[in-house]
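Here the protein sequences come in this chain order: A and B. Our numbering applies: residue 81 is where the first sequence begins, and numbers increase by one. Our numbering applies: residue 5 is where the second sequence begins, and numbers increase by one.
Just so you know, these hints were derived from the structure itself, not from any lab. All residues carry an ideal CB built from backbone N, CA and C; glycine is no exception. Heads up, a few of these hints could be off.
[Unchecked claim] Residues from chain B that face chain A, not an exhaustive set, calculated with beta carbons under 8 Å:
1. 32
2. 36
3. 42
4. 44
5. 45
6. 47
7. 48
8. 49
9. 53
10. 148
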Amino acid sequence: MEHDSFIRRGLMHFGKLMLAAVLCVVVSGCARTSNDIATSLPIHWTADKRVVLVDPDVELSELTFGGVAMLRADWTSKGRDLIKADIASFLRGKGIASVSADRISDRREAQLVKLHNALGRSIEVNLKEAWPTKKNNFDWTLGPGAAILRDRHHADYGLFVFVRDSYSSDTRKALALLTMTPTGATQSGFASLVDLRNGRVVWYNRLDNAYGGLRDEKSAAETVRHLLDGMPL
Amino acid sequence: MRRRIAAALCCAAWLSAGGVAQGQGTLPPGYSSDMSGEEAGIWMLTDKQEAATKTAPNLVRDEKLNAYVSGVICRLAGEYCPSIRVYILDTPNWNAFASPNGMVVVNTGLLLQMKNEAQFAFVLGHEITHYLHRHSLEELRKQVNTAGLVNIYALAMFGVGVAVGDDPSGAISLGQDLGRFWISAFSRDEERDADRSGFARVTSLGYAPNEASAIWTDMVAQNKADPRYSRIVFLDTHPSPEERVENNVKWAAEALPSRSDWATNEDAYHAAMAPFLRRWVEEELALAHPDRSIVIFRRLAQNMPSQGLYHFGLGEAYRKRHQKPDEASAEKAYRAALACPDAPPEAWRGLGLLAMRAGESAKAKDAFTNYQAKLPNASDKAMIDFYLSQL
Numbered sequence: 081m082e083h084d085s086f087i088r089r090g091l092m093h094f095g096k097l098m099l100a101a102v103l104c105v106v107v108s109g110c111a112r113t114s115n116d117i118a119t120s121l122p123i124h125w126t127a128d129k130r131v132v133l134v135d136p137d138v139e140l141s142e143l144t145f146g147g148v149a150m151l152r153a154d155w156t157s158k159g160r161d162l163i164k165a166d167i168a169s170f171l172r173g174k175g176i177a178s179v180s181a182d183r184i185s186d187r188r189e190a191q192l193v194k195l196h197n198a199l200g201r202s203i204e205v206n207l208k209e210a211w212p213t214k215k216n217n218f219d220w221t222l223g224p225g226a227a228i229l230r231d232r233h234h235a236d237y238g239l240f241v242f243v244r245d246s247y248s249s250d251t252r253k254a255l256a257l258l259t260m261t262p263t264g265a266t267q268s269g270f271a272s273l274v275d276l277r278n279g280r281v282v283w284y285n286r287l288d289n290a291y292g293g294l295r296d297e298k299s300a301a302e303t304v305r306h307l308l309d310g311m312p313l
Numbered sequence: 005m006r007r008r009i010a011a012a013l014c015c016a017a018w019l020s021a022g023g024v025a026q027g028q029g030t031l032p033p034g035y036s037s038d039m040s041g042e043e044a045g046i047w048m049l050t051d052k053q054e055a056a057t058k059t060a061p062n063l064v065r066d067e068k069l070n071a072y073v074s075g076v077i078c079r080l081a082g083e084y085c086p087s088i089r090v091y092i093l094d095t096p097n098w099n100a101f102a103s104p105n106g107m108v109v110v111n112t113g114l115l116l117q118m119k120n121e122a123q124f125a126f127v128l129g130h131e132i133t134h135y136l137h138r139h140s141l142e143e144l145r146k147q148v149n150t151a152g153l154v155n156i157y158a159l160a161m162f163g164v165g166v167a168v169g170d171d172p173s174g175a176i177s178l179g180q181d182l183g184r185f186w187i188s189a190f191s192r193d194e195e196r197d198a199d200r201s202g203f204a205r206v207t208s209l210g211y212a213p214n215e216a217s218a219i220w221t222d223m224v225a226q227n228k229a230d231p232r233y234s235r236i237v238f239l240d241t242h243p244s245p246e247e248r249v250e251n252n253v254k255w256a257a258e259a260l261p262s263r264s265d266w267a268t269n270e271d272a273y274h275a276a277m278a279p280f281l282r283r284w285v286e287e288e289l290a291l292a293h294p295d296r297s298i299v300i301f302r303r304l305a306q307n308m309p310s311q312g313l314y315h316f317g318l319g320e321a322y323r324k325r326h327q328k329p330d331e332a333s334a335e336k337a338y339r340a341a342l343a344c345p346d347a348p349p350e351a352w353r354g355l356g357l358l359a360m361r362a363g364e365s366a367k368a369k370d371a372f373t374n375y376q377a378k379l380p381n382a383s384d385k386a387m388i389d390f391y392l393s394q395l
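Go ahead and model the full structure; you've got the sequences and the hints to work with.
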């Protein structure tokens with residue numbers, strides 16, 4: 081009796097996952113994206129303003145057969161370059177002047193990048209379930225210290241980007257197909273637009289893309305489009 | 005498609021059975037990882053961590069201290085010296101670690117507790133071995149292979165479960181636990197290798213062999229005193245301190261007869277650390293584990309320079325633990341501190357607080373007055389003034 085119900089439960093479970101597996105593991109190009117945009121302040125953009133793209137924090141890794149995520153240096157370098165180029169062309173397409181702050185080695189600038197990573201994760205948590213003080217109150221800020229980026233890079237807004245992207249190895253894909261379970265590979269991240277006069281986060285977008293990509297030009301452009309979708313500039 | 009899956013599964017079995025090359029041996033001098041493979045990923049991550057360390061607010065940038073620490077590690081590393089970069093972090097926890105890309109991090113909490121250069125060298129020798137023997141890479145490979153095996157085992161158990169009609173989840177989670185134990189056991193073996201090779205490297209330069217076990221004897225004493233200390237043997241990444249004492253005693257007995265001019269370089273070590281000890285003593289106390297601090301300062305206050313400072317630390321730790329017999333021990337330690345030329349004026353404040361707590365107004369008044377005479381512009385002047393007004 082117990083045997084029967086166990087197998088039945090298993091089969092039902094597998095049936096559902098099978099659909100997902102067939103749709104998403106085998107057939108490439110299937111994308112499930114969810115964007116959470118939070119805008120707080122009106123932006124009065126004028127043509128003489130500039131955006132600084134702050135050293136994007138990007139990591140691409142490969143999930144092994146056993147599910148261990150191994151950072152891939154080659155994919156990461158390429159993915160990071162693609163993201164930067166795509167963001168630059170996205171901004172150019174909108175007629176926005178931009179400058180890139182690369183390989184930040186200054187102590188105070190580096191602290192702002194670390195702070196944004198922590199802040200971005202807090203905002204991410206809050207989008208799912210807001211803290212009482214943050215309900216209808218999007219007042220996240222990096223603080224007035226952000227002005228150092230304005231002064232050094234002669235920019236009015238800072239665009240911070242954080243992306244983590246993972247891919248299944250062939251063996252893991254095969255395992256997923258065989259057991260009809262998800263591979264666990266995902267793409268997640270966030271982008272924030274910061275007013276460098278006061279450090280206020282004026283726009284934030286969370287990227288949660290189950291089958292995104294950053295390994296080739298086409299999927300990277302798609303990812304950047306999702307990431308910057310709705311940016312009020 | 006079916007053939008591709010079959011090939012992939014064969015590949016998985018091969019990977020899980022240890023198809024990834026094992027045991028890379030010692031790195032060649034001047035080695036740098038290229039952009040492909042799992043090692044490149046580890047290097048990229050650790051390069052990123054190193055960049056973050058370089059901009060860390062708690063990075064100790066004092067040139068003299070850095071020159072001293074780099075000098076010690078460079079002598080130990082020999083031909084690998086150019087590949088190793090050492091960073092001192094102002095962090096009170098007793099720790100040091102080496103990254104696969106050649107970054108070595110030393111916490112000030114460790115510098116406070118080392119008795120001499122020889123002890124410090126044994127810690128560095130251990131860390132250099134982690135780098136030279138590519139332990140991080142081997143451990144990652146072990147994780148990958150073990151996780152693969154656990155997956156194959158889980159599949160097999162699922163099959164068995166269906167065949168015999170039983171829920172396999174218990175058997176599967178047992179396999180996952182065994183996998184974790186297996187990885188921890190591997191990590192402990194790497195630590196033993198780092199101890200053993202590090203010991204040989206450090207003693208070959210003439211550092212006193214007995215100092216290696218002394219580090220771990222001190223650690224055992226601290227752990228014994230700490231009621232919060234516990235360890236799960238199977239999941240421990242390091243061998244027990246007791247085992248490390250035992251191993252180092254054995255190796256020292258073998259090494260000792262080979263020469264008679266063993267060095268500890270105690271004076272050089274203390275000269276390099278002296279300017280920072282005051283700060284590090286405060287930071288150790290700020291960890292709020294007086295049981296451990298008492299053991300540390302009691303040891304440091306024996307036959308070491310800067311005794312006034314260590315006795316003061318001991319007094320503070322006893323006073324903060326605040327258990328029945330501690331008041332007397334704290335007072336004794338403060339008095340011992342004040343008998344030393346390097347006694348911090350705050351030892352008087354400690355005596356005043358103890359006396360105030362005991363209701364001995366005259367004694368407290370006297371101690372606080374002494375404190376204010378020695379340190380008229382102390383940051384807690386207003387607080388002490390208030391105490392004095394209440395006495």
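Hint by hint, here is what the structure shows:
no.	hint	in the structure
1	32	violated (20 Å)
2	36	violated (12 Å)
3	42	holds (5 Å)
4	44	holds (4 Å)
5	45	holds (4 Å)
6	47	holds (7 Å)
7	48	holds (4 Å)
8	49	holds (5 Å)
9	53	violated (12 Å)
10	148	holds (5 Å)
The earlier numbered hints that this structure contradicts are 1, 2, 9.
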